[in-house]
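Here the structure of chain A is known, so what remains is to put chain B in place on it, guided by the hints.
2 protein chains.
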Amino acid sequence: MGNLYIALVHYPCRDRHDKIVTTMITPIDITDIARSACTYDVAQFFVVTPLSSQQVIAQKLIDFWLKAEPDVAYRRPALHRVRVVDRLETSFQSVLEREGVAPLLVGTDARELPGPRISYEKLRELIETDDRPVYLLFGTGWGLALEVLDRVDYLLPPIWGPTEYNHLSVRAAVAIILDRLRGRRS
Amino acid sequence: MGNLYIALVHYPCRDRHDKIVTTMITPIDITDIARSACTYDVAQFFVVTPLSSQQVIAQKLIDFWLKAEPDVAYRRPALHRVRVVDRLETSFQSVLEREGVAPLLVGTDARELPGPRISYEKLRELIETDDRPVYLLFGTGWGLALEVLDRVDYLLPPIWGPTEYNHLSVRAAVAIILDRLRGRRS
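Residue numbers (my numbering), protein chains in the order written: chain A, 5 to 190; chain B, 5 to 190.
If you are wondering where the hints come from, they were derived from the structure by calculation, not from laboratory data.
Careful: at least some of the hints might be erroneous.
Which bits of chain A does chain B cover? Going by a derived footprint, with three or more residues having C-beta under 8 Å, they are [to be verified]:
#1 77 to 91
#2 135 to 142
#3 169 to 177
Every beta carbon over 10 Å from chain A, so not counted as near; a handful from chain B, in silico [said to hold, decoys possible]:
#4 I24
#5 V60
#6 V89
#7 R102
#8 E103
#9 P118
#10 Y158
#11 L172
#12 D183
Calculated pairs, DSSO-like style, for lysine-lysine (alpha carbon to alpha carbon, straight line, at most 30 Å) [as the list claims (entries may be wrong)]:
#13 A:K71 - B:K23
#14 B:K126 - A:K126
#15 B:K71 - A:K23
The beta carbon of each residue, even a glycine, is placed where N, CA and C say it ideally should be.
Here chain A stands alone, though its shape is the one from the complex (with noise of 0.2 Å):
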C-alpha cells in the first residue's frame, strides 16, 4: 500500500479561454477536501500557490481551524494535513524526502484529453498492492494547464454521471475520485 498525496493547483491553471492564470483561494475547498482527505487517508494536501498574499490567506484558515473550539475539534486532524506550497516543484520535493522515491503523477480533467489513460480500478489495485506513493493532482478555474497535465505518468478520466453534464465543482470532483479509489467496499 503505497501513500497517496493530493494537491489543488492555483498556478498554472487554465481560464475559459484557455489562457495560463493564477486562481484564488477558495476557503471552502480547504476545509472540504481537507475533510475527504483525512477520510480517504491521503498522507498530505498540498494547497499550490505562488501568490504570497493568497498564501497567507490559506494558512491563516488553517491555523484558525487548528486552533478550534474543541466542538470542531474532529476539523484539527483534517487540516492538519494541509501545507500551502509556492509551486508544484515544492511538492514534488516534499514527497520525494518524505518518501525516498518519485510518486506517480496522475493528472484530473473534466475533459476527454489524449494521453496515458489509467482506470479508476487499476488504479485502485496499484495503491493497494504496489508500495510506490500516488500524487493526484486537481486544477482550479478550467482546469490544469497542459504544461501539467503533459508531466503526468497518468491521466484519470473523466466523471461521469448518467447524462452528459459535468461541471462538478472540484470539492466534489475530488471526494468522488478518492471514494472511487479508496472507499470501503463492503
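What follows is chain B alone, placed relative to chain A:
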C-alpha cells in the same frame, strides 16, 4: 429506471447535543449539490427549510444563477433542478403528484444506526431495474432527526474510507453517494 430525488433538510435536524434544531442555509451547499444532482440526473433537489427568511435567501441565490452571465451558464441546468420547500411533507406530496406513486424513502447518516439497511450496490441495482422513484434524504448540522429516520424505508450505511474518520462535508457526502448509485462505470 426510476427517477431519483434528493433533499437537503434544515429541519428537523440534530445539533451536537442531540437537540432538534433548524439549521441555516449554506449557499455553497445549494450550488455544489445542484451541480452534482445535474451530473447524476437527479429529477429534483429539494432544499427544506421552514423559515421564510431562509427560503427567501435560498431562492435569491437560485434566481441569481438562473440569470447569470453566459460565461457561467453551465450552472443554469443545475439550479433549474432546485426547489425550496417549507417542510419534508411538501416535497413528498410534490414527488407523489409528479410520479403518481410514493417514492422509496432512503435516509443517510454519518453514524451507524439501527434500522432497515440497504447496500449501495443493492440500491443502485434497484434504481436501474425498478420504476419506482427513490427519494434520498440528507441532513445538515449533526444529521437528520430520528423522527425522520424512523420513517424511511431504508438507511444507507455511512461512508467510510480506510480510516475511522467520517466527518465529510454534506456536499462531499452527497457527491460520493450519487456517484456510488449512478456513476458511469467503464
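Verification of the hints:
no. : hint            : result
1   : 77 to 91        : holds (count 4)
2   : 135 to 142      : violated (count 0)
3   : 169 to 177      : holds (count 8)
4   : I24             : holds, 18 Å
5   : V60             : holds, 23 Å
6   : V89             : holds, 23 Å
7   : R102            : holds, 19 Å
8   : E103            : holds, 18 Å
9   : P118            : holds, 17 Å
10  : Y158            : holds, 15 Å
11  : L172            : violated, 6 Å
12  : D183            : violated, 5 Å
13  : A:K71 - B:K23   : holds, 26 Å
14  : B:K126 - A:K126 : holds, 24 Å
15  : B:K71 - A:K23   : holds, 26 Å
Checked against the numbered hints above, the structure breaks hints 2, 11, 12 and satisfies the rest.
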